[in-house]
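Protein chains in written order, with this note's numbering: chain A, 1 to 269; chain B, 1 to 387.
Keep in mind that the hints were calculated from the coordinates and are not lab data. Hints should not be assumed to be uniformly reliable.
[Claimed, not checked] To spell it out: a stretch of chain B is covered by chain A in this simulated footprint if at least three of its residues, at any positions, have a beta carbon under 8 Å from a beta carbon of chain A; those stretches are:
(1) 46-56
(2) 62-70
(3) 242-249
Note that this is a predicted model, so its numbers are computed, not measured. All C-beta atoms, glycine included, are put in the ideal place defined by N, C-alpha and C.
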Amino acid sequence: MNMIVCCKQVLDPEAAPSTFKLDAANNRMVQPPEIKPVVNPYDEQAVEAALRIKDKDKAANKITIISLGNNLARDVVKKPLSMGADELILLEDPAFEGGDSFAVASALAAAIKKVGQFDLIFCGRQESEWDDGQVGSGLAELLGIPSVTIAKKAEVMDGGKVKVERIVADGYQVLEVSTPALITVSNELGEARYATLKGIMAASKKQPVVWKPADIGMDAGKVGAAARKSKIVKLFQPVKEGKCDIVSADSPAEAASLLAQKLRENKVI
Amino acid sequence: MDFDLTEEQNLTRQAVRDFAENEIAPIAHELDEKEEFSADLTRRMAELGLLGCFVPEKYGGSNMGYISYIIAVEELARIDGSQAATIAAGNSLGIGPIYYFGSEKQKKEWLPRLCAGEILAGFGLTEPEAGSDAGSSKTRAERKGHNWIINGSKIFITNSACSMTGVVVVQAVTGAQADGKPEISCIIVPANASGFTAKAMKGKMMWRASNTGELFFDNCTVPAGNLLGKQGDGFHQMLSTLDGGRLSIAAMGLGGAQGAFDVALEYANKRIQFGRPISSFQVNAFKLADMAIEIELARNLLYKACWLREKGRTFTKEAAMAKLYCSEVMHRCVHHAVQLHGGYGLMKDFRVERLYRDQRLLEIGEGTSEIQRIVIARHIGVAGRAI
């Protein structure tokens, strides 16, 4: 089975909130120099989902990682290789910067078409910077293949169909999907495995394939920010204000009445 | 000059840090309290590839190079001295002598199982009456027919008396040299050898979740082929093993100092007194600045010593300097870190309390700070043979 996993390099969501900075003029988040970026945690779980399939038969299953961005840190984007993935393709160019979900999905779709043969594509359910959760479904749509979102388990069945357990509000659905298909993976899958030292050594010997827009048949002027379908009007950090008025009165009934009055004044009720 | 770590060194740091923070940190306190060695955790560290870091893949190692190994120990020690000790001793003292001095047969027999974490090896050097004066070992091995017969005892031997202990390498007197000095050799003793018993030592102040054993050899019999390297090479093998061991003890000092700094900074930024975070008081900010400076210096010194080793150059002086400096930097860092925590720093609920205790060994184990100064003095042109 040929599997592709889309992995994004993101700002470390575990970093202290005090390190978070915005470039308000350009409606962008800024990578703080002292904090290392990471692979989006949901994407690591997508890698884990693919690895669990590969574990069953290492020779018959292949995992290709695709990451999109600019100035990608090699020791970050190579992490999936050190976990056990086989190949890494980087869509890396300044032109890819500033894209929205549509722009990213379009570039990924073009790259996957160039890869050609694939049976399963895994994505994280969403990435931790914008939390849009649209790239997976969008990519499936652009490729014209079925997708199952928010999976907690994916197993290849005899005959080649894939059984997917999909999280819903009060439990999970069990679905079967024919390949090629796209699956977005949720944290309920369980912890992604650690990179092993042997895996790191193996990964260090592999060089990523780097594709520019032209390599995937795209015009550099029509990718990234230029391909956006959505526009950010204003990006700002809300000021956290905590105000607390204590309503005090001689009797509970009086206090309740005063409270109701205050709520009405503030248009809560 | 290139101060950048390689891609794989950075990946190693991140992988070990993730493991230490997620898997070790949550249970370190309990294991320390119960003075319990965890075979399960040790096996999982082996699965990660932490045993056999510098051993080629054909023997089951991960062949990472020395700097990556040292970074791994540093990251473990940042969270927990005990687990760092298990790995540092497992590699430098357990696997190291067999890998560097063993015959091909001995390597094939022991290394794959040691690297896979099926078993651990101890290095039996210290004796009740032979500590810093390692040459005064009383344990003797006599050649009788096709066997070595070993008698004596060893003490404070890491990884030597737990459920995973599979083998110990023992230093013993095997005769006398021409000048009358004892001839010292190292012998491989399987844990199940007849006449060999190992007893776990309890009641430790530090590294309480690492295994420390006392070894007894009572007409312990092993085949003649268990001699490590050549007869009479034991003293040289021990010195060389300790050079490597010192780098890993230094890594424990560096990692522990970093851990102390990290918890101290976090606490001092959060703790409000007189209406301000206590880190904003100059007296405390200076403590943190001093810690950061010394950690930076310690890291540069240690990595340089490892770099010399990787290049195949002499590193004995630098290893002694790094071991001494890193362990003493951690001493100062845990001191400041407890001070910054105030009363809470004295409580076992706070990691800094364990770091404070775990530090204390580093100025004693694998050559005391005093012995390191002697080693350094001998390398810098001090007149006569410094002692």
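Hints versus structure:
Counting residues of the region 46-56 of chain B whose CB lies closer than 8 Å to any CB of chain A gives 5, which reaches the minimum of 3, so the coverage claim holds. Interface restraint, the region 62-70 of chain B with chain A: holds (4 residues with C-beta to C-beta distance below 8 Å; minimum three). Residues of the region 242-249 of chain B with a Cβ under 8 Å from some Cβ of chain A number 0, which does not satisfy the need for three, so the listed coverage is violated.
This entry does not satisfy hint 3, going by the numbered hints stated previously; all others are met.
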